[in-house]
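Using the sequences and the accompanying hints, generate a full structural model.
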Amino acid sequence: MNQPEIYQAGLREVEFGARVKIVEPCNLYGCKIGDDCFVGPFTEIQKDVRIGARTRVQSHAFICELSTIGDDCFVGHGVMFINDTFSTGGPARGRKELWRETVIGNRVSIGSNATIMPVNIVDDVVIGAGSVVTKDITTPGTYAGNPARRLLARG
Amino acid sequence: MNQPEIYQAGLREVEFGARVKIVEPCNLYGCKIGDDCFVGPFTEIQKDVRIGARTRVQSHAFICELSTIGDDCFVGHGVMFINDTFSTGGPARGRKELWRETVIGNRVSIGSNATIMPVNIVDDVVIGAGSVVTKDITTPGTYAGNPARRLLARG
Amino acid sequence: MNQPEIYQAGLREVEFGARVKIVEPCNLYGCKIGDDCFVGPFTEIQKDVRIGARTRVQSHAFICELSTIGDDCFVGHGVMFINDTFSTGGPARGRKELWRETVIGNRVSIGSNATIMPVNIVDDVVIGAGSVVTKDITTPGTYAGNPARRLLARG
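Protein chains in written order, with the numbering used here: chain S, 1452 to 1606; chain C, 1452 to 1606; chain R, 1452 to 1606.
Think of the hints as simulated: they come from the structure by calculation, not from any bench.
Don't take every hint at face value.
The list treats identical chains as one, so a pair stands whether inside a single copy or across any two.
To be verified - Below, in silico cross-link-like pairs of lysine-lysine (DSS-like), each with a Cα-Cα straight-line distance of 30 Å or less: (1) 1586 / 1547; (2) 1498 / 1472; (3) 1472 / 1483; (4) 1498 / 1586.
Shown next, in the form of structure tokens:
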């Protein structure tokens, strides 16, 4: 009978700013979390992720390697970041040169259950809940849908 | 080196009905769970949520403050409720007067990975998996899509 | 004051292949996991699920009873499988004869936050992140959207 190798989620080699609050169980490793951040339960934040000050990472969120998030952001419940676009027709399986990075500016609020492909998002953006962001967002505003498109202000 | 404040998910100040079954780890606090409910693992149910009898809350679901759910409902895996609509262009950050409530009737079945904005949903509604519900649902029936729309019966 | 019955997520009656890696907490029971698989944290894999060799099940994924997954697949973060289509207007509630099965071929890569209704998917398929797969996929290729449709190659 085979026995699996079992690892335990936890906090490993995380550089915490001041006054960070964490709810376990969560799986944070090799990342940097800014001052006054909150990280909810059932979250994973991977290696080399950097998160700015006062950003909230809500329960069930997953933030992958190669992601950078600014100050005063909100990562909603169940938001999933992605670094592997299956560009060769399937997962990169360790060929990290195929991964792409995500850079999120300041004051970006990402609604619950949204999915974030590897993109750049400028400051002052709202992403609607359940959206799938597939392209860079270069203009502040509100974006929603699958794929996410800009919502025009109603007059 | 800063140390975060670490909290542990668990069951705190929950008013349970009779014969409730719970799978841990989950994070339930200050809420009321009716008779014969089931709550799966990796769930969070927040303060002041009230859930009726015989309702099932499946794994990975998140039910936020200001949500009320009726009897005989089904909250699918990964369903996320929302109370903050970013109405000011970002999260309310503690200004709870900006939050809005969700009221779900009886016999409402919400498919997995659906996202529920703050809405009212009448009795006898089915929400398709992966849907994003953005408006009140006032007529029984089946709704799906992003945003969710009523599916007409096929003749 | 009522006390709930509390169960704990864990590994119960799982048949593991060789060199499987698991990150706890996760909830795996009565299933079969092939050689060299990886299963991330905050996952649930239910009874009678069979998963082939070298398949990765990423964090927050949920794989329900009546699902079979081939070799060299990738089940992204937050992917939810479904066996109950609410065909009678609500959940089957134990009438398992109403559940339907899902069969996933080999080299199928499912993007994060995708939702998989009970379907058959052939070998060599990519499902975009955030997609909702509602119908069988019988031709290799890339599919995305809600509902998922085939993406045609751009010339």
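Evaluated hints:
1. Taking CA atoms no more than 30 Å apart as the test, residue 1586 paired with residue 1547 passes inside one copy only; the shortest distance there is 21 Å, against 33 Å between copies.
2. With identical chains, the CA atoms of residue 1498 and residue 1472 are at most 30 Å apart both within one copy (19 Å) and between copies (18 Å).
3. In this assembly of identical chains, residue 1472 and residue 1483 lie within 30 Å of each other by CA distance both inside one copy and across copies; the values are 13 Å within and 26 Å between.
4. Taking the shortest alpha-carbon separations for residue 1498 and residue 1586, only the intra-copy value of 24 Å comes in at or below 30 Å, while the best inter-copy value is 37 Å.
The structure fails none of the hints (numbered hints given earlier).
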